[in-house]
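As you go down the protein sequences, you meet chains A and B in turn.
Reminder that position 319 of the first sequence reads as 318 in numbering that gives the first Met the number 0, one-by-one numbering, no gaps.
Reminder that position 171 of the second sequence reads as 170 in numbering that gives the first Met the number 0, one-by-one numbering, no gaps.
FYI, nobody ran anything at the bench for these hints, they're computed from the structure.
Computed from a predicted structure; not experimentally measured.
Glycine included, every Cβ here is placed at the ideal spot set by N, Cα and C.
Wrong hints could be hidden among the right ones.
[Stated by the list, open to error] Derived list of chain B stretches under chain A, where covered just means 3 residues or more per stretch with a C-beta under 8 Å from a C-beta of chain A: (1) 167 to 180; (2) 349 to 356.
[Claimed, not checked] Here are a few chain A residues that sit away from chain B, every Cβ distance over 10 Å (derived from the structure): (3) A89; (4) G118; (5) G201; (6) G242.
Single-letter residue listing:
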Amino acid sequence: MSSETGEELESQARKAQEATPGGISEPGGPWHKRGRDRVRQFTAPIRGGMQRSRTWYEGLPTWAKAIVVVTVITVAALAPFIMNATLGVAAGYWEAIAVKIGIAALLALGLNVVVGFAGLLDLGYVAFFAIGAYTYAIASGAARFGIDTFANPTKHFPIPEWHMYMWLFFFLALAVAVGSGILLGAPTLRLRGDYLAIVTLGFGEIVRITANNLDSFTNGAKGINEIPAPAIGLPGVHYQFQGSFQSNPYYWLLLGVIVMWIFLLRRVNAGRVGRAWAAIREDEVAAAAMGVPTVRMKLGAFAMGAAVASFGGVIYAMWVGFISPDSFTLFGSEFSSVIILAMVVLGGMGGFAGPIVGAALVVFLPERFRSLGDSRYLVFGLVLVLVMILRPQGLIPSKRRARELTGGELHEQTLYEVREEASA
Amino acid sequence: MATTERVATGPRSPFNGRSLAWVCGLAAVAILLTLGIRDGTCPSSGSIWLSYFIYGLRSGAIYAMVALGYTMVYGVLQLLNFAHSEVFMIGTFAAVYTLKGLFGVQPNHPPTGLTLVFVLLVTMIFAAAASGTTAVVMERLAYRPLRRRGASRLAYLITAIGVSLVLSNLLLLLDGGPHLGLPWNWPAVGGPGAVNYPPTISQAKWFSIGGVPISPVTVLVMAVAVVMLIVLDQFVRRTRTGQGIRAVAEDPETASLMGVNVDRTVVSTFLVGGLMAGVAAALFGITFGAAQYSIGFYPGLKAFTAAVLGGIGNVRGAMLGGLLLGLIEQFGIACTAAQWQNVIAFVVLVAVLMFRPTGILGEQVGG
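Turn these sequences into a full structure, and let the hints guide you.
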């Protein structure tokens, strides 16, 4: 509903009131309707501004759009400095938060491919993040080192020194994650969407429990320590990354990876595959009837989401230097499946700005307001429910997805409608 | 839900694809078991198998009762109510506080005789009431607004997850400390640790079957489960409300034209599912002795697996699926290790979805 102005909304609300028989005794109808109207009135200027800036941007010539994009990226690249200057508490604190926001944004972008583009609910998304991180940690030799050291505390083992070749592990992690995504998706994606939710949830738990139990590969619940950081070794440029002691290089690395993925995903979503995803999400039966290879397309979305998450996992492992099964839970860990979902839903499914803004808010707000503390999961749950009731399209929705989610002309297989009049 | 009609194409051969698949599946299981027993991975003694069988039935009975809530809500709304596991969790808390607060059961003085029967009965009723209320309130506040709008399935699923997060974290935060920046302390009900049950019914040996000791608690769980399952089955089949539930599951629009109050039917579906989950939660808590904010997760997931295994939307399927899942899980533990217990259920789930996505009895309500 982002295309409406405040006046239109008000007249709509009036019309709705007139149409409701019980409208006089109960102005505005049930609580969620009243709440929605209140929120709409309150946010009308903000949404008007968003709408204006969107039309302004869309009206620009290509070269001007490029300038806007470069400006946005530059500002994003300077974000750690800006946050430090305005909010600084301790050296390195907000730099670390910036990296967390970056990882969260990458994960949200990836989950958005699955949930936002293809309309599949993946509740085990953190599994692919975990697979990326574990692949890096195992391939780099840190896991072996940890297991040997633990078994023989007196003996000295060499710490793995691969730094230059670390970049290749991105591709390894990508291959493993995509492979496991296809392995999981192939049998389950031919089923109805809601089964997928529970199977992926199970998959997320299987990955975590397996990492916990396979002591000889993953060092079990003790986790993998001293994961080596990468280095750049081009002629003339030598730079050794320093783990979480120096976060900014990771932030810029993430920024580059995010820009690359946005570029790739935009291309994919604008083309034949993207149209197929939209068709599947809006009406799978009709899409299949029109000759869209639904299973293959859904598998593609799943694999692509897995690929994005594996990159996030690799960077996370490089940066934080220590991973354990507890870092990858359904909820409870920093980047858990449900939290990533909350980012995508809050920000708005189906676009690119939405998930990133959602990720930034979900990571930033609890850090800024520490008093939330342990209650933040409660708050996220409330946010999920309220967003679905009051603004199902999220903060920054894509136009098409917004129409679907608010139950307008286009919708996925809707449940039956219970009319207001019938029940009153 | 539309039932597929089989077109008769001549006499059916006993060796059609489906029975062949069943035979192959059973043969594979038998071969694996034999191999397992041969090389000592699986236990070879009959009484050990029997004890796993009985434990399997016991946990299966609880899964079956929880699975009914999933399957009935799915039948009526085509909604996977993820928050059902939290409805179960609320039940475990209600039961422990009934025992501790209402009856003041002391750690050293478990009630006996008729008092024990009365205490257990009231505990189960209170747990059922708490769970049922939770389920109904949840429907009213979270799902009904979506239903009115004709929201997409994704919106329902996300709401269900949100409700689940809210409920479990609410119990986590009720630890007696201040939260959300509020000036007063929250009541100490849950918190991060487990709230232990006082001893009630004995876990010790009562009598034995084939060398396997049976405790009173096992008998209690089985007996209550059997009674509840029969009552529910008859409720869905015979009563007017049950008829309404089946009608709405079949075709909501036609049902509403025929005078079924859809809203009320949906509420009663949630209520019945919640009541069953509450009784199951009381039994679960009495058996395993703890209530915790996160306790609903695995029973909930397994109950869902059981519902899918039996054919989601199918009431008898959920019962069968629950018992089967309990057995499979225990036999799996017998051949692997207890730490893989939770993986076994997921593997079963994926396998069922791969080979027979409509479950053993197929999808339909009341059949």
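Status of the hints after comparison with the structure:
Beta-carbon proximity to chain A at under 8 Å applies to 7 residues in the region 167 to 180 of chain B; the threshold of 3 is reached and the given coverage holds. Taking a C-beta to C-beta cut-off of 8 Å, the region 349 to 356 of chain B contributes 4 residues in contact with chain A, enough for the three needed, and the coverage statement holds. No beta-carbon of chain B comes within 10 Å of the beta-carbon of A89 of chain A; the shortest separation is about 23 Å. The non-interface label for G118 of chain A is inconsistent with chain B: the shortest C-beta to C-beta separation is roughly 6 Å, within 10 Å.
The Cβ of G201 of chain A does not lie farther than 10 Å from every Cβ of chain B; its closest approach is about 4 Å, which violates its non-interface assignment. Once the 10 Å rule is applied to beta carbons, G242 of chain A is consistent with being away from chain B; the minimum gap is 30 Å.
Comparing the model with each earlier hint shows violations of hints 4 and 5; every other hint is respected.
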